[in-house]
Amino acid sequence: MWRIIHQFGSPKGFYDFSARLQPWFWAAAVLLLLTGSLWGLLYAPADYQQGDSFRIIYVHVPAALLAQSAFVGLAVAAVIFLVWKIKVADMAASVMAPFGAAMTFVALFSGAVWGVPTWGTWWVWDARLTSMLILLFLFFGIIALRGAFTHRDSGSRAASVLAIVGVINIPIIKYSVEWWNTLHQPATFSVTERPSMPAEMWMPLLLMVLGFYCFFIALTLMRTRNEILRRESNKRWVRELVRGQ
Amino acid sequence: MMAFDSVSSFLAMGGYAPYVWAAWGVTLALMVGAVLHARAERRWLLRDLHRRERRQANAAVGNNSNAS
Numbered sequence: 001m002w003r004i005i006h007q008f009g010s011p012k013g014f015y016d017f018s019a020r021l022q023p024w025f026w027a028a029a030v031l032l033l034l035t036g037s038l039w040g041l042l043y044a045p046a047d048y049q050q051g052d053s054f055r056i057i058y059v060h061v062p063a064a065l066l067a068q069s070a071f072v073g074l075a076v077a078a079v080i081f082l083v084w085k086i087k088v089a090d091m092a093a094s095v096m097a098p099f100g101a102a103m104t105f106v107a108l109f110s111g112a113v114w115g116v117p118t119w120g121t122w123w124v125w126d127a128r129l130t131s132m133l134i135l136l137f138l139f140f141g142i143i144a145l146r147g148a149f150t151h152r153d154s155g156s157r158a159a160s161v162l163a164i165v166g167v168i169n170i171p172i173i174k175y176s177v178e179w180w181n182t183l184h185q186p187a188t189f190s191v192t193e194r195p196s197m198p199a200e201m202w203m204p205l206l207l208m209v210l211g212f213y214c215f216f217i218a219l220t221l222m223r224t225r226n227e228i229l230r231r232e233s234n235k236r237w238v239r240e241l242v243r244g245q
Numbered sequence: 001m002m003a004f005d006s007v008s009s010f011l012a013m014g015g016y017a018p019y020v021w022a023a024w025g026v027t028l029a030l031m032v033g034a035v036l037h038a039r040a041e042r043r044w045l046l047r048d049l050h051r052r053e054r055r056q057a058n059a060a061v062g063n064n065s066n067a068s
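Protein chains in written order, with the UniProt record's numbering: chain A, 1 to 245; chain B, 1 to 68.
Chain A with its partners taken away, still in its complex shape (with noise of 0.2 Å):
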């Protein structure tokens, strides 16, 4: 088990073993997004409130989710780089910040657009969407915070543990709309629960959140590979590898 952690942990296993994942991943993601899109933009019924802007859904809730989610991995990350040293997770983690931000930014303006016919107003200071706005400042933060130090290592730490504290705000996302009384709608989907969608609406919506992640997985293998070749470029193994192409 743990020569498995050791091996995937190291940058050139993580690099071969990324290598063999990456394509399984882009064409999940693919498929997935373009069933999903031309599911939910062509097939699913219009809302009987909303009409078609209701499909503004099908790329707000799934960045939404993703912008969230990769926060998580974040701080998953940089709890794994702190604590075992493991030098894959900080690149990992800087790659997954930029693309986070656009996934917050993407929830945060397909919001504001769809805001615009149903509530009248693209903004509102409500806790749902300044705790994502919060999110939004977050990224930002932990991307200028690693670029500020003049020793990677440093930058690498301080993002960190910026990270791992901003995680706090992932629960008052979640919960902002049970705990203040807030224009945003609750949750789409519920583990527990039956959706309140029919299946012809939610389920390209489920394809579209599945598509979501595995792009962002396919993309984040596919950066920290890059990173990899950057901070690694000292190394034999790189070197031979770019001897031998």
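What the hints contain is simulated information worked out from the structure, not anything from laboratory work. Be aware that a few hints might be false.
What the hints assert, rightly or not - Here are the simulated SDA-like pairs of lysine to any residue, each with C-alpha atoms no more than 20 Å apart in a straight line:
| # | chain 1 | residue 1 | chain 2 | residue 2 |
| --- | --- | --- | --- | --- |
| 1 | A | 235 | B | 44 |
| 2 | A | 87 | A | 153 |
| 3 | A | 235 | B | 53 |
| 4 | A | 12 | B | 43 |
| 5 | A | 235 | B | 47 |
| 6 | A | 235 | B | 56 |
| 7 | A | 235 | B | 60 |
| 8 | A | 235 | B | 57 |
| 9 | A | 12 | A | 233 |
| 10 | A | 235 | B | 52 |
| 11 | A | 12 | B | 42 |
| 12 | A | 235 | B | 42 |
| 13 | A | 12 | B | 49 |
| 14 | A | 235 | B | 43 |
| 15 | A | 85 | A | 7 |
| 16 | A | 87 | A | 151 |
| 17 | A | 235 | B | 55 |
| 18 | A | 12 | B | 41 |
| 19 | A | 235 | B | 54 |
| 20 | A | 235 | B | 45 |
| 21 | A | 235 | B | 51 |
| 22 | A | 12 | A | 22 |
| 23 | A | 12 | B | 50 |
| 24 | A | 12 | B | 46 |
| 25 | A | 12 | B | 45 |
| 26 | A | 235 | B | 46 |
| 27 | A | 235 | B | 48 |
| 28 | A | 235 | B | 50 |
| 29 | A | 87 | A | 238 |
| 30 | A | 235 | B | 49 |
Following the hints, complete the assembly by docking chain B onto the known chain A.
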């Protein structure tokens, strides 16, 4: 059953075209952009690493010819 009966009604999105297409457009742009960036990043890195290997190989050859 398709929810729209023509391409134009699909594009019109029941009158919500600006909202729906803005949200989907920004999402698509960011995701495609992320993939293109990651691919370009890999190309740049490998090109730089190749260049360095070649430079060092040339330097080694240069040193040898000086010595002989």
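Consistency of the hints with the structure:
1. A:235 <-> B:44: Holds, because 18 Å separates the two Cα atoms, which is no more than 20 Å.
2. A:87 <-> A:153: Within the cut-off at roughly 10 Å; holds.
3. A:235 <-> B:53: 12 Å, holds
4. A:12 <-> B:43: 19 Å, holds
5. A:235 <-> B:47: 17 Å, holds
6. A:235 <-> B:56: Holds: residue 235 of chain A and residue 56 of chain B sit about 15 Å apart, inside 20 Å.
7. A:235 <-> B:60: 19 Å, holds
8. A:235 <-> B:57: Holds - the C-alpha atoms of residue 57 of chain B and residue 235 of chain A are around 16 Å apart, at most 20 Å.
9. A:12 <-> A:233: 11 Å, holds
10. A:235 <-> B:52: Holds: residue 235 of chain A and residue 52 of chain B sit about 13 Å apart, inside 20 Å.
11. A:12 <-> B:42: Measuring from Cα to Cα gives roughly 16 Å; hence the hint holds.
12. A:235 <-> B:42: 17 Å, holds
13. A:12 <-> B:49: Judged against 20 Å, a Cα distance of about 16 Å means the pair holds.
14. A:235 <-> B:43: The hint holds at about 19 Å.
15. A:85 <-> A:7: 14 Å, holds
16. A:87 <-> A:151: Distance of about 15 Å is within 20 Å: holds.
17. A:235 <-> B:55: 17 Å, holds
18. A:12 <-> B:41: 19 Å, holds
19. A:235 <-> B:54: 16 Å, holds
20. A:235 <-> B:45: Given that 20 Å is the threshold and the Cα spacing comes to 15 Å, the pair holds.
21. A:235 <-> B:51: 16 Å, holds
22. A:12 <-> A:22: 15 Å, holds
23. A:12 <-> B:50: Holds. Residue 12 of chain A to residue 50 of chain B sits at ~18 Å (cutoff 20 Å).
24. A:12 <-> B:46: Roughly 16 Å between the alpha carbons, so the hint for residue 12 of chain A and residue 46 of chain B holds.
25. A:12 <-> B:45: Since the Cα atoms of residue 12 of chain A and residue 45 of chain B sit roughly 16 Å apart, the hinted pair holds (cutoff 20 Å).
26. A:235 <-> B:46: Given that 20 Å is the threshold and the Cα spacing comes to 14 Å, the pair holds.
27. A:235 <-> B:48: The hint holds at about 15 Å.
28. A:235 <-> B:50: Judged against 20 Å, a Cα distance of about 14 Å means the pair holds.
29. A:87 <-> A:238: 16 Å, holds
30. A:235 <-> B:49: 12 Å, holds
This entry satisfies every hint, going by the numbered hints stated previously.
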